[in-house]
Amino acid sequence: MIDIAADLIGEDLACRRGECRVFAGLSFSLPPGGALVLTGANGSGKTSLLRLLAGLISPAAGRLVWGSAPIEHDPATHRARLHYVGHQDGVKPDLTPRETLAFWAALRGFRTPRLDEALGAFALAPVADWPCRWLSAGQRRRLALARLCATAAPLWLLDEPISALDQDNQTRLEEVIVAHRADGGRVVVATHMPIEIAAAARLVLDDFAPTDEDATVGGG
Amino acid sequence: MTAFIAVFGRDLRLALRHGGDTGLVLGFFVLAVVLFPLGVGPEPGVLQRIGAGIVWVAALLAALLSLDRLFQADYQDGGLDLLALSDLSLELTVVAKCAAHWTASGLPLTVISPVLAFAVDLEPEAIPVLMLSLLIGTPALSLLGSVGAALSLGARRQGALLSLLILPLYIPPLVFGAGAVETSLTGSGAHAHLLILGALSLISVALCPWASAAALRQALE
Chain H
10 MIDIAADLIG
20 EDLACRRGEC
30 RVFAGLSFSL
40 PPGGALVLTG
50 ANGSGKTSLL
60 RLLAGLISPA
70 AGRLVWGSAP
80 IEHDPATHRA
90 RLHYVGHQDG
100 VKPDLTPRET
110 LAFWAALRGF
120 RTPRLDEALG
130 AFALAPVADW
140 PCRWLSAGQR
150 RRLALARLCA
160 TAAPLWLLDE
170 PISALDQDNQ
180 TRLEEVIVAH
190 RADGGRVVVA
200 THMPIEIAAA
210 ARLVLDDFAP
220 TDEDATVGGG
Chain B
33 MTAFIAVFGR
43 DLRLALRHGG
53 DTGLVLGFFV
63 LAVVLFPLGV
73 GPEPGVLQRI
83 GAGIVWVAAL
93 LAALLSLDRL
103 FQADYQDGGL
113 DLLALSDLSL
123 ELTVVAKCAA
133 HWTASGLPLT
143 VISPVLAFAV
153 DLEPEAIPVL
163 MLSLLIGTPA
173 LSLLGSVGAA
183 LSLGARRQGA
193 LLSLLILPLY
203 IPPLVFGAGA
213 VETSLTGSGA
223 HAHLLILGAL
233 SLISVALCPW
243 ASAAALRQAL
253 E
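So the sequence lines, in the order shown, correspond to chains H and B. Residue numbers for the first sequence follow the working numbering, beginning at 10 and rising by one. Residue numbers for the second sequence follow the working numbering, beginning at 33 and rising by one.
Careful: at least some of the hints might be erroneous.
[To be verified] Simulated DEER-style distance windows between Cβ atoms:
| hint | chain 1 | residue 1 | chain 2 | residue 2 | range |
| --- | --- | --- | --- | --- | --- |
| 1 | B | ALA192 | H | ASN51 | 30 to 36 Å |
| 2 | H | GLY129 | B | GLY41 | 21 to 27 Å |
| 3 | H | ARG120 | B | VAL78 | 55 to 61 Å |
Bear in mind the hints are in silico, worked out from the structure with no lab data behind them. Here a beta-carbon is modelled for each residue, glycine too, at the ideal position from N, C-alpha and C.
Using the sequences and the accompanying hints, generate a full structural model.
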């Protein structure tokens, strides 16, 4: 069902939030095993582009294609092949990390997720059965990232994944990403902090800011 | 199906854990009903006549009390993104969340209503009809409420806005719910009222998830 070998291609994408144009004329291609690092000033549209790639918002212009199939034709299939870790963690204070991970996996239709492996990958095993309200910001962040390991998905969309992470855990994340790419997975990371991702394509979103002329035409 | 059960189970667990929403809803329901005898005085005739209406009004205010949290918490902590990206369509996610909301509010309200029927001096033979009307009618309260909860997401005074949006929609269940108990007492039979109440709940199941899901998509933009 999921065509792993296909490229994820963005063609001439533009994004608009309300009356404002965030970026325009953005194109990229992401092959299996590829990585894309999004950088740019605050407000340049990193999060918007990730949400657009996740299908949470639709592009104002251009299109997003998986292999040869535009993702808007089959949003359910696209949802099934991605992990989106937004800058908010979505962690409920009253649930434990283990319950939270199991819930996230069940949301994606997985009944037997790799919970222990995922908790171990981000060193969360000691706090696995605590209520999440006792966790620090960094631990919550790691819990959100642990869902990458609990169930498989060929496309990871990570928004500022290393904020609140210490050096050890940043290394853990980098290792997880390396393993994911070695398996043919692809990853898109939006960040303003240095993260070690080998052979990653870079996209500086400031370069795609709409010009004044565009803005006048588009913003009307 | 896995995802549906997961959403239902998690919401129910959150509502019940640490004396959360369910305790609050029940406490409000009991207090609101008990205030009426204190307010209108002890003459039995008066209370008996308005008793069913009191219980129903208190029940829908209690249901309303917990509705603002239906999507708000997920909206604020980013969980709504994950629900939108799940295996389950947003419409079915709404149904799962409403089912959990009903199990944690409407169902307990129904179960303790006989106790409160005594507080408002309702005739004992009307109690089964009261319970039945609440059992049939409270699902409509959760489902109609979900539309308001989704529409008012992100508003600054969500609770107040939610009440303004939802209370008018609660008029039909209130009229036919309280009406069912009254007609059973006058001897003309509650059958017709209960059927209409059931129809209201069924219409809500059919329509409200679409409206709520559309409002949630708007909130996600």
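(message) Does the beta carbon distance between ARG120/H and VAL78/B stay inside 55 to 61 Å, or does it fall outside?
(response) At 57 Å between Cβs, range holds.
(request) Can you let me know if the beta-carbon spacing of GLY129/H and GLY41/B is within 21 to 27 Å? (result) holds (25 Å)
(request) Could you check the hint for me, namely that ALA192/B and ASN51/H are 30 to 36 Å apart, CB to CB? (result) holds (33 Å)
Checked against the numbered hints given earlier, this structure breaks none of them.
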